[in-house]
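Got chain A; can you put chain B on it based on the hints?
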Amino acid sequence: DSGVTQTPKHLITATGQRVTLRCSPRSGDLSVYWYQQSLDQGLQFLIQYYNGEERAKGNILERFSAQQFPDLHSELNLSSLELGDSALYFCASSRLAGEHNEQFFGPGTRLTVL
Amino acid sequence: SQKIEQNSEALNIQEGKTATLTCNYTNYSPAYLQWYRQDPGRGPVFLLLIRENEKEKRKERLKVTFDTTLKQSLFHITASQPADSATYLCAPNSGNTPLVFGKGTRLSVIA
Numbered sequence: 457d458s459g460v461t462q463t464p465k466h467l468i469t470a471t472g473q474r475v476t477l478r479c480s481p482r483s484g485d486l487s488v489y490w491y492q493q494s495l496d497q498g499l500q501f502l503i504q505y506y507n508g509e510e511r512a513k514g515n516i517l518e519r520f521s522a523q524q525f526p527d528l529h530s531e532l533n534l535s536s537l538e539l540g541d542s543a544l545y546f547c548a549s550s551r552l553a554g555e556h557n558e559q560f561f562g563p564g565t566r567l568t569v570l
Numbered sequence: 075s076q077k078i079e080q081n082s083e084a085l086n087i088q089e090g091k092t093a094t095l096t097c098n099y100t101n102y103s104p105a106y107l108q109w110y111r112q113d114p115g116r117g118p119v120f121l122l123l124i125r126e127n128e129k130e131k132r133k134e135r136l137k138v139t140f141d142t143t144l145k146q147s148l149f150h151i152t153a154s155q156p157a158d159s160a161t162y163l164c165a166p167n168s169g170n171t172p173l174v175f176g177k178g179t180r181l182s183v184i185a
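Quick mapping for you: the protein sequence lines, in order, are chains A and B.
Start counting the first sequence at 457; every next residue gets the next number (our numbering).
Start counting the second sequence at 75; every next residue gets the next number (our numbering).
Treat each hint with caution, since some may be false.
[Stated by the list, open to error] Straight line, CA to CA, 27 Å or less: simulated DSSO-like cross-link-like pairs of lysine-lysine:
{"hint": "1", "chain 1": "B", "residue 1": "145", "chain 2": "A", "residue 2": "513"}
{"hint": "2", "chain 1": "A", "residue 1": "513", "chain 2": "B", "residue 2": "177"}
{"hint": "3", "chain 1": "B", "residue 1": "77", "chain 2": "A", "residue 2": "513"}
Just so you know, the hints here were simulated from the structure itself, not pulled from any lab data.
What you are looking at is a predicted structure, and each value in this text was computed from that prediction instead of being measured.
Isolated chain A (complex conformation):
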């Protein structure tokens, strides 16, 4: 158990809908990362927050947004969903912001868009 929690575990929704994925980092970790993993693309970095502020942005679509709250939990919002958004979404956390810090991954949320 990494100490990172993600909810929900599974999510099935329809095209055009909006969903929110939730992540609680390990106790004491200030940095939260979001990744998308699909079969053909591997693990893709979406966005990173550090202590409430956006720190780095990857290949995140404009339809997606995220935030980190004062209690350090984070939410990833996906809107106008398309079939291609079906994937595993992972949240990870690390103590600090530097990318040399090991990341602890949550169990993931499996999103299926029908």
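The following block gives chain B in isolation, referenced to the frame of chain A:
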């Protein structure tokens, strides 16, 4: 653009042998390189980090090398066991850029 290649998509080896996985990168100079293990449907788990000034790092049955001239890291599992079967991901990175993962090598250790 940055490119990471991990030798083969799948590697099958006999139990007890040493598994060697390769990670090659191009178009950048990472200061660190991390290796993670991922089981099907689960999040990756950190295994080892090696810095550019370290040639080799060991942890129990795991050994990682980092050759900045060849732009390559080798990941070895000695005395492999069926429980080592998983996908292994490498992530070579500079200090201030987001972690970028290779697509991974799926290792199967056959009893």
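Against the structure shown, which of the earlier numbered hints fail to hold, in ascending order?
-> none
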